[in-house]
Amino acid sequence: MTQSNGAAGQPRLEAKIPDGHLQDKWDNYKDAVALVNPANKRKHTILVVGSGLAGGSAAATLAGLGYNVKCFCIQDSARRAHSIAAQGGINAAKNYPNDGDTIWRLFYDTVKGGDYRARESNVYRLSQLSANIIDQAVAQGVPFAREYGGMLANRSFGGALVSRTFYARGQTGQQLLLGTYQALSHQIAAGRVAMLPRREMLDLVVVDGHARGIVTRDLVTGTIERYAGDAVLLCTGGYGNAYYLSTNAKNSNVTAAWRCYKRGAFFANPCYTQIHPTCIPVAGSYQSKLTLMSESLRNDGRVWVPKDPADQRAPDQIPEADRDYYLERRYPSFGNLVPRDVASRAAKKECDDGRGVGETRLAVYLDFADAIDRLGKQAIGERYGNLFEMYERITGENPYRTPMRIYPAVHYTMGGLWVDYELQSTVPGLFVLGEANFSDHGANRLGASALMQGLADGYFVVPYTVGAYLNRHDRADSVSADNPAFAEVQGAATRRIERLINSDGDKTPTQFHRQLGIILWNHVGMSRTRAGLTHAIAAIGELKEEFWSRVRVPGTAATFNKNLEFAGRIADFIELGDLMARDALRREESCGGHFREEFQTAEGEALRNDDAYMDVAAWEYGDPTPHLHLEPLTFESVQPSTRSYK
Amino acid sequence: MTIHLRVWRQSGPDSPGFLEDHTVTEANEHMSFLELLDVLNEQLIRDGREPVEFDSDCREGICGSCGLMVAGIAHGPQKRTAVCQLHMRSFNSGDTITVEPFRARAFPIVRDLVVDRSAFDRIIAAGGFVSVTTGGAPDANAVLISKADADRAMDYAACIGCGACVAACPNGSASLFTAAKIAHLDFLPQGQVESAHRALAMVDRMTDEGFGNCSNHAECEAVCPKGISIAGIARMRRLYLMGPLTAKAQ
Numbered sequence: 002m003t004q005s006n007g008a009a010g011q012p013r014l015e016a017k018i019p020d021g022h023l024q025d026k027w028d029n030y031k032d033a034v035a036l037v038n039p040a041n042k043r044k045h046t047i048l049v050v051g052s053g054l055a056g057g058s059a060a061a062t063l064a065g066l067g068y069n070v071k072c073f074c075i076q077d078s079a080r081r082a083h084s085i086a087a088q089g090g091i092n093a094a095k096n097y098p099n100d101g102d103t104i105w106r107l108f109y110d111t112v113k114g115g116d117y118r119a120r121e122s123n124v125y126r127l128s129q130l131s132a133n134i135i136d137q138a139v140a141q142g143v144p145f146a147r148e149y150g151g152m153l154a155n156r157s158f159g160g161a162l163v164s165r166t167f168y169a170r171g172q173t174g175q176q177l178l179l180g181t182y183q184a185l186s187h188q189i190a191a192g193r194v195a196m197l198p199r200r201e202m203l204d205l206v207v208v209d210g211h212a213r214g215i216v217t218r219d220l221v222t223g224t225i226e227r228y229a230g231d232a233v234l235l236c237t238g239g240y241g242n243a244y245y246l247s248t249n250a251k252n253s254n255v256t257a258a259w260r261c262y263k264r265g266a267f268f269a270n271p272c273y274t275q276i277h278p279t280c281i282p283v284a285g286s287y288q289s290k291l292t293l294m295s296e297s298l299r300n301d302g303r304v305w306v307p308k309d310p311a312d313q314r315a316p317d318q319i320p321e322a323d324r325d326y327y328l329e330r331r332y333p334s335f336g337n338l339v340p341r342d343v344a345s346r347a348a349k350k351e352c353d354d355g356r357g358v359g360e361t362r363l364a365v366y367l368d369f370a371d372a373i374d375r376l377g378k379q380a381i382g383e384r385y386g387n388l389f390e391m392y393e394r395i396t397g398e399n400p401y402r403t404p405m406r407i408y409p410a411v412h413y414t415m416g417g418l419w420v421d422y423e424l425q426s427t428v429p430g431l432f433v434l435g436e437a438n439f440s441d442h443g444a445n446r447l448g449a450s451a452l453m454q455g456l457a458d459g460y461f462v463v464p465y466t467v468g469a470y471l472n473r474h475d476r477a478d479s480v481s482a483d484n485p486a487f488a489e490v491q492g493a494a495t496r497r498i499e500r501l502i503n504s505d506g507d508k509t510p511t512q513f514h515r516q517l518g519i520i521l522w523n524h525v526g527m528s529r530t531r532a533g534l535t536h537a538i539a540a541i542g543e544l545k546e547e548f549w550s551r552v553r554v555p556g557t558a559a560t561f562n563k564n565l566e567f568a569g570r571i572a573d574f575i576e577l578g579d580l581m582a583r584d585a586l587r588r589e590e591s592c593g594g595h596f597r598e599e600f601q602t603a604e605g606e607a608l609r610n611d612d613a614y615m616d617v618a619a620w621e622y623g624d625p626t627p628h629l630h631l632e633p634l635t636f637e638s639v640q641p642s643t644r645s646y647k
Numbered sequence: 002m003t004i005h006l007r008v009w010r011q012s013g014p015d016s017p018g019f020l021e022d023h024t025v026t027e028a029n030e031h032m033s034f035l036e037l038l039d040v041l042n043e044q045l046i047r048d049g050r051e052p053v054e055f056d057s058d059c060r061e062g063i064c065g066s067c068g069l070m071v072a073g074i075a076h077g078p079q080k081r082t083a084v085c086q087l088h089m090r091s092f093n094s095g096d097t098i099t100v101e102p103f104r105a106r107a108f109p110i111v112r113d114l115v116v117d118r119s120a121f122d123r124i125i126a127a128g129g130f131v132s133v134t135t136g137g138a139p140d141a142n143a144v145l146i147s148k149a150d151a152d153r154a155m156d157y158a159a160c161i162g163c164g165a166c167v168a169a170c171p172n173g174s175a176s177l178f179t180a181a182k183i184a185h186l187d188f189l190p191q192g193q194v195e196s197a198h199r200a201l202a203m204v205d206r207m208t209d210e211g212f213g214n215c216s217n218h219a220e221c222e223a224v225c226p227k228g229i230s231i232a233g234i235a236r237m238r239r240l241y242l243m244g245p246l247t248a249k250a251q
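Protein sequence lines, in the order shown, are assigned to chains P and R.
Residues 2 to 647 in the working numbering are what the first sequence lists, from first letter to last.
Residues 2 to 251 in the working numbering are what the second sequence lists, from first letter to last.
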């Protein structure tokens, strides 16, 4: 077993990585894991919070194994979880195209892409399981793209040297989620899953140090409810909406994870956020969210800005000589296909230097003119037609004629609750899956890897590891929701709701959210400095005070009340924002999506500091300040190198 | 832009509803229709009034959460566009736009513009899946599927479950929604195994939920944000009629 250092006098972080060679660890784990007697599984209630790829797949699989499952989601249907919005694809080391892919290569690309800040053993397991996911999805009826001969089609994605990405038009997340939702519906019909939509988890109930239940709000009636179980699976996605504007759905939030953090689950690497380079730019202050366009666009689109900041001509009036294809210039080898973090920072630099385009000057061109000349309009339409339509619907401009305007936007969060190899948090019995955990993507996630991770966690990892936990603590349904701990947590949740609804302020929840977003985007966004982060911590502290004295939440707590939901989530985002800034301040290096201006090479590239920061920063809740625990990362199988895309 | 809105307000499923007039003077052609409602709600909160409740989530036309009758049309006047991607450039300054919830017997109103579409989940749970559990799936390329069939399956699988088809149908039928799932799975060998039983179970469930039947108005296809074809309904009916002859008792 590999163990990590805890700070003196603090509990140790134990990753519980199995012994053996990297390739054998997961098999060794499964060989040794104690199985739950099939006759006893139905005596165990598992609470699954979230119905996206991670939650839906876990709930369906555990129910299929015989467990009694309750699944909760905030939307009106399990089918609407935000996994549905993923466009591009899902990676799997199938090597169908015979172009040299292996489990090892997918593992290596993921660890390298994450800038050597992920846990080797977890990533290897993810890569091993990737192929099973495709098999499972096809068996469910997921209509992946096919070749004329009837075989599955693959494409290269995000600059990968092999074609390992499976896709269903530009709706891969939707189709995988519907596969999961249908598997879940199968179990609902069989009576093994109780599905509870329009429920928001407000808190975790811990009894004798173990997660034994949750408290939720029925979003239609406002009733605060208690649910007891033998394990809690948190599958609640990422926290990108802390920035207010992001590509996340309006309801995506950190509240469930944040409540768990306050109940003892450590929050790992909160500063690792991914800014996606190809999004539709902000148009105005009323903007409610940002729309991503698949980065597959960069396979054929060329990114450029005018060389002269004063150049106000329309893009088609600017001759070649006056254009700067800055990605091709700076990265001749990878060109427009550099990883997301590199492409995003480069766009920001051009705009910071005054060469941005469009009304707001916060955009760069993504131009398909050359590709249309080379391949024809029809070929480009077949590849990107739906994305071009979406762009036109939103901006009113036709990308076949005018270059797209793009700008980076917050898209994904690599940080999340700390989990060990079993995906168990520091609160025994609380498991964290998918984007909500921290483990697999390090400091930067590669394209087409998020769907893979959510489904690997839910279909193939947690069904084993939850069983192991239940075996270690066999006491089926021994705690009920009548336990006094539930009443206490329910009371606290109710008081918090009452405080929000009774706050007689003068500012709307959204106003606070926008303010927080501006602080985070400016100082904890694509580029960070000590001064900026210090300022952000102070500004967020002031915002928190102001929030609780000046927020106005309309209506009552006993009805459907969207603004009440938002207000509670914004309060948690404010606290999370503080932790993100602290984590970014502590990490005095640049890696992946975390770029500290003080730590860069002469060419302006990220400068890692492996001697001091090859670790996971896991934060334990503390008032007024959190406590830091470190899990050192050891690389036994790969040699960390400097990422170079020149 | 200045936009006048007549918005449906209803405090609960059993309360009477009414249209309420509002004006938004800060509208802008780049705004989405839901952002216009956001701006209205910010005004209402500041004026100490209750905001208009409506469902939305991804705001990029894929989750199916949003759905409004805009000027009498499900999702509004722009073809193949969910209301979250309908932009104000489709309207003129000074327009008066009526905004109502999706109306159908099987979609009870929760509050204002929010409706209860859980009947859709129950239709899927009646058989809109392949009865496999996790594990033991054969290699994904073990069964070849023609590109044409995979593409047609995808055409139907693109349904986002928003309910516009029901709201637009004079019969309040969920035929397009139900047929989309039946056709999606029937075009794939993995789904064909259960096709006959699936069609029987899902269509019967649709009826039990209080949806009407199809009489070929094709209003559903006209408003579907994903352009799902009513050809799927013909396929569903054929499977349903053949069902009793071919479905094995389950």
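Treat each hint with caution, since some may be false.
BS3-like, lysine-lysine: derived pairs with alpha carbons at most 30 Å apart [said to hold, decoys possible]: (1) R:K80 / R:K148; (2) P:K113 / P:K26; (3) P:K308 / P:K263; (4) R:K227 / P:K378; (5) P:K308 / P:K378; (6) R:K148 / R:K227; (7) P:K378 / P:K113; (8) P:K378 / R:K148; (9) R:K80 / P:K378.
Only some residues are given here: those of chain R computed to face chain P with a beta carbon under 10 Å [as the list claims (entries may be wrong)]: (10) V8; (11) L87; (12) D117; (13) A127.
Don't read these hints as lab results, they were simulated from the structure.
C-beta atoms are modelled at their ideal positions from N, C-alpha and C, and glycine is treated no differently.
Results of checking the hints against the structure:
no., hint, verdict
1, R:K80 / R:K148, "holds, 27 Å"
2, P:K113 / P:K26, "holds, 20 Å"
3, P:K308 / P:K263, "violated, 50 Å"
4, R:K227 / P:K378, "holds, 23 Å"
5, P:K308 / P:K378, "holds, 28 Å"
6, R:K148 / R:K227, "holds, 20 Å"
7, P:K378 / P:K113, "violated, 36 Å"
8, P:K378 / R:K148, "holds, 22 Å"
9, R:K80 / P:K378, "holds, 23 Å"
10, V8, "violated, 15 Å"
11, L87, "holds, 8 Å"
12, D117, "holds, 7 Å"
13, A127, "holds, 7 Å"
This entry does not satisfy hints 3, 7, 10, going by the numbered hints stated previously.
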